[in-house]
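Novice: The primary structure of each chain is shown beneath.
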Amino acid sequence: MVERARQALPSVLSVALSLLVCWLLIAFTRDEGGFVTATSAYLQMLWGGIGDWPNFLGGAPATVLTRPIGEAAMKAALLTLTGLSVAVAFKVGLFNIGAQGQMLLGALAAAVVGAHVQLPAALHIPAALVGAALAGAAWAGLAAALRLYRGVHEVISTIMLNWVALRLVDNWLVVGPLRGVAEAGASITGTAEIHPTAALPRLLGDVSRLNLGFPLAMLAALAVWAWLERTRSGFETRAVGLGDEAARAAGIPVARRAGLAMALAGALAGCAGAVLVLGTEGRYPGTLGAPYGFDGIAISLIGNNHPLGVAAAALFFGALRAGGTRMQLLDVHKSFPELIQGLALLFVAGRLIWLAVLRRRRAVAPALATPTAPTPEAPRA
Amino acid sequence: MSLDIHAGELLAVVGENGAGKSSLMNVLYGLYHPDSGEVSVEGRPERFKSPRDAIARGIGMVHQHFMLVPTLTVAENVVLGREPTRWGRLDLERAVREVADTCARFGFTLDPRARVDTLTVGSQQKVEIVKALHRGARVLILDEPTAVLTPQEADELGRVMKDLVRAGRTVVLISHKLKEVLGVADRVAVMRRGRLVAEVRASETTADRLAALMVGDAPRAVTDEPAPTGQAPGEVLVEAKGLHALGDNHCPALRGLDLTVRAGEIVGIAGVDGNGQRELAEVLTGLRRLTAGQGTLLGGPLAGLTPAKARERGVGHVPEDRLRRAVVKAMSVEENVALGRHAQPPFARGPWIDFAGRRERTRELLAAYDVRPPEPTLALQAMSGGNQQKVVVARELDARPRLLVVVQPTRGLDIGAVAQVHARLREARRQGAGVVLVSLDLEEVLALADRVYVLFEGRVTGEFTRPDYDERELGRRMLGAERAHG
Chain E
355 MVERARQALP
365 SVLSVALSLL
375 VCWLLIAFTR
385 DEGGFVTATS
395 AYLQMLWGGI
405 GDWPNFLGGA
415 PATVLTRPIG
425 EAAMKAALLT
435 LTGLSVAVAF
445 KVGLFNIGAQ
455 GQMLLGALAA
465 AVVGAHVQLP
475 AALHIPAALV
485 GAALAGAAWA
495 GLAAALRLYR
505 GVHEVISTIM
515 LNWVALRLVD
525 NWLVVGPLRG
535 VAEAGASITG
545 TAEIHPTAAL
555 PRLLGDVSRL
565 NLGFPLAMLA
575 ALAVWAWLER
585 TRSGFETRAV
595 GLGDEAARAA
605 GIPVARRAGL
615 AMALAGALAG
625 CAGAVLVLGT
635 EGRYPGTLGA
645 PYGFDGIAIS
655 LIGNNHPLGV
665 AAAALFFGAL
675 RAGGTRMQLL
685 DVHKSFPELI
695 QGLALLFVAG
705 RLIWLAVLRR
715 RRAVAPALAT
725 PTAPTPEAPR
735 A
Chain A
2 MSLDIHAGEL
12 LAVVGENGAG
22 KSSLMNVLYG
32 LYHPDSGEVS
42 VEGRPERFKS
52 PRDAIARGIG
62 MVHQHFMLVP
72 TLTVAENVVL
82 GREPTRWGRL
92 DLERAVREVA
102 DTCARFGFTL
112 DPRARVDTLT
122 VGSQQKVEIV
132 KALHRGARVL
142 ILDEPTAVLT
152 PQEADELGRV
162 MKDLVRAGRT
172 VVLISHKLKE
182 VLGVADRVAV
192 MRRGRLVAEV
202 RASETTADRL
212 AALMVGDAPR
222 AVTDEPAPTG
232 QAPGEVLVEA
242 KGLHALGDNH
252 CPALRGLDLT
262 VRAGEIVGIA
272 GVDGNGQREL
282 AEVLTGLRRL
292 TAGQGTLLGG
302 PLAGLTPAKA
312 RERGVGHVPE
322 DRLRRAVVKA
332 MSVEENVALG
342 RHAQPPFARG
352 PWIDFAGRRE
362 RTRELLAAYD
372 VRPPEPTLAL
382 QAMSGGNQQK
392 VVVARELDAR
402 PRLLVVVQPT
412 RGLDIGAVAQ
422 VHARLREARR
432 QGAGVVLVSL
442 DLEEVLALAD
452 RVYVLFEGRV
462 TGEFTRPDYD
472 ERELGRRMLG
482 AERAHG
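Chains as they are written, first to last, in the working numbering: chain E, 355 to 735; chain A, 2 to 487.
Derived from the structure by calculation, the hints contain no laboratory data.
Quick reminder that beta carbons are idealized off the backbone N, C-alpha and C, glycines included.
Be careful, since some hints might not be right.
[Claimed, not checked] Estimated spans, in silico, between C-beta atoms of each pair:
id, chain 1, residue 1, chain 2, residue 2, range
1, A, A57, E, A703, 58 to 68 Å
2, A, V122, E, N525, 56 to 66 Å
3, A, T307, E, V356, 51 to 61 Å
4, E, A370, A, K180, 57 to 67 Å
5, E, I510, A, D112, 51 to 61 Å
Taking the hints into account, I'd like the entire structure generated from these sequences.
Specialist: Okay, here's the thing in structure tokens:
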């Protein structure tokens with residue numbers, strides 16, 4: 355457990371550092387009263403993320419709590435799913451930059467199943483989710499196949515497939531063959547409205563857009579964690595990621611593990627698209643601008659590529675995002691949460707360099723000071 | 002720990018694995034920084050921040066793994082980093098001249114224009130030495146230089162080192178191999194657990210005495226064990242005819258190799274590095290595809306063998322490149338013990354990992370093989386190389402293989418670990434396993450094997466059966482002499 359905490363420490367410190375830097379940025383870009391503004395902006399962000407407790411305790415209705423929390427949780431659900439997508443690929447040693455494209459395909463599939471299939475709710479939601487997962491998995495599977503059979507690096511192929519997905523879905527399918535039929539001459543953008551049976555139930559009524567997607571995302575994080583850490587196939591997947599030659603020599607089907615993990619990554623990103631469509635949008639809108647797929651990369655890295663770490667990072671940044679809009683009350687731009695997230699990612703990435711430096715210094719000490727202790731093999735520089 | 006190195010001497014530093022030899026030399030070479038104490042060169046205290054400082058003060062190092070660019074020529078490699086220039090452009094002609102000069106001065110026969118990847122391992126090592134000398138090294142540190150050489154090349158290196166000393170240079174030789182050390186060194190420093198325990202003149206000691214000093218008081222067998230008993234070999238485990246396979250460079254590595262392995266025997270594969278030994282081991286473990294030839298292995302065809310099928314049939318594998326092939330170094334010791342058998346009890350129960358069973362089996366094995374520290378949850382990379390190898394051997398033998406393929410099983414291990422690995426291999430044979438032992442250390446092959454195949458350019462050029470081992474004839478066959486003398 356101590357070991358776990360130690361692993362999380364760099365991420366926590368990175369986030370804290372980026373919070374500090376942004377606080378200073380806000381403070382120094384005001385003409386006067388900068389520190390006061392920055393502090394109250396952060397407080398606004400906090401209440402906007404975890405609920406306006408001072409107001410609530412002062413007698414305001416419970417919606418001042420549930421509305422912000424709901425918004426934060428909804429964003430956290432999407433970040434969790436795309437973060438898991440990137441993390442799962444990482445575990446098998448692949449870098450999935452393509453969560454965005456996989457998410458778009460998933461969103462479209464969910465919209466199509468939601469609008470063009472008639473099923474009772476108990477089946478309709480699972481069907482739409484499975485459809486989205488399959489679409490995302492297929493899109494990621496393309497990149498996996500290119501890697502495994504043609505040697506195309508997945509970073510290149512997933513980036514390019516993001517653009518292919520965007521053009522394919524936004525610029526053709528949604529405005530062309532799958533465009534929703536306008537009622538009574540009114541023109542609408544995007545695909546047809548999904549049936550109510552496919553909509554993810556709202557958890558807090560009409561107060562916020564929080565829906566079934568949130569518990570599903572948390573369950574997904576738990577399931578991915580259990581799979582990776584507790585099962586044989588998860589063990590094989592991690593072994594492939596940490597040492598593919600050793601895995602091959604141990605009789606593990608390396609290509610199959612990599613392909614399946616990549617497909618799972620795509621399925622998770624596809625589910626994020628489904629949650630977006632079935633939970634909040636109700637259709638595939640004219641354009642699905644939300645870059646949750648790209649955010650997933652940051653969330654995964656800040657969460658140390660650990661499924662539960664991903665969920666924790668997603669909850670934190672979900673709250674930050676939800677609260678960020680409230681900073682506008684103080685004339686602070688709502689993009690600051692994204693800046694904080696970006697900086698945190700930068701610091702986390704820098705941490706790897708930092709750790710390497712530390713390790714090198716530490717390797718010197720035990721090698722000479724305590725020769726009886728187990729010493730790492732001298733690096734053959 | 003303090004140690005004086007005298008000008009113009011050939012000092013050997015010996016010690017077990019983890020005794021601190023490499024750490025000491027890395028301090029001298031500026032790769033590590035001492036926590037306390039100091040390094041003085043010619044009486045002047047120095048504080049090396051990096052190898053660059055050490056080189057500037059006349060210290061050169063030849064690493065066990067060469068630091069050469071294979072596609073460049075000898076001259077280009079030697080001048081790399083301080084290339085002679087004319088008008089800001091590389092002056093290759095001058096580089097060739099300078100390098101040829103250096104070679105001539107120290108009596109090396111190297112073609113400065115030859116590409117490094119066309120040279121033998123022994124010649125590449127000479128390039129490393131010339132590189133250090135060319136940079137003005139007066140003290141030359143050689144880390145395990147003979148580990149990769151043939152006996153002939155090792156002898157040659159011994160002469161080179163003696164010549165260098167005669168030319169006024171100082172040579173520090175780090176080695177495990179006591180016989181070799183005694184053959185060339187003036188003085189021997191023995192290290193144990195980070196301390197210098199003895200400094201003796203090479204002419205006044207023996208290999209046995211040095212071995213005792215290295216190991217300390219622990220009563221461990223360090224001498225050759227008695228020759229294997231001539232028990233009757235059992236059923237045929239591997240029967241192969243005309244094996245062909247490509248190497249990593251897509252050139253033929255196995256070219257019509259015949260081989261038979263029976264139960265209850267250790268079959269040694271001897272040869273100079275790069276004559277198909279590695280590829281043979283990979284074919285037998287399903288890691289490399291055959292391009293032609295056929296055979297059977299443990300009751301199934303050899304063609305189309307995969308690592309998974311090989312394991313199913315009962316093949317155990319201790320590969321040469323431990324960190325790449327045998328273990329996942331970022332995983333824990335217990336996870337590595339499970340690797341390859343993770344689908345069977347006691348490591349799994351259905352689709353789930355059996356944590357308790359895995360922990361218990363790992364503890365048993367760590368105790369039985371004297372792995373230190375006996376800590377199942379430790380990351381494998383935190384262990385010393387010798388202990389990592391013990392984990393690998395423990396895992397492979399615990400699976401009770403019918404055929405065990407081991408490649409360079411004791412490379413880089415200390416005497417205690419070597420003796421243990423050897424004893425375990427003999428035990429596996431006694432229990433009826435067939436063992437294929439590939440080693441570049443001829444002594445090791447001859448000490449263990451009941452039968453020896455000599456490989457040259459992917460073919461068997463000699464087969465010897467204990468006790469008819471004629472080292473001279475073996476050496477000739479390793480260099481390609483055919484069966485003229487029967």
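Novice: If a hint holds in the structure, say so; if it does not, say that too.
Specialist: Hints, verified against the model:
no. : hint                           : result
1   : A57(A) to A703(E): 58 to 68 Å  : violated, 35 Å
2   : V122(A) to N525(E): 56 to 66 Å : holds, 59 Å
3   : T307(A) to V356(E): 51 to 61 Å : violated, 41 Å
4   : A370(E) to K180(A): 57 to 67 Å : holds, 60 Å
5   : I510(E) to D112(A): 51 to 61 Å : violated, 42 Å
Of the numbered hints given earlier, the model fails hints 1, 3, 5; all others are met.
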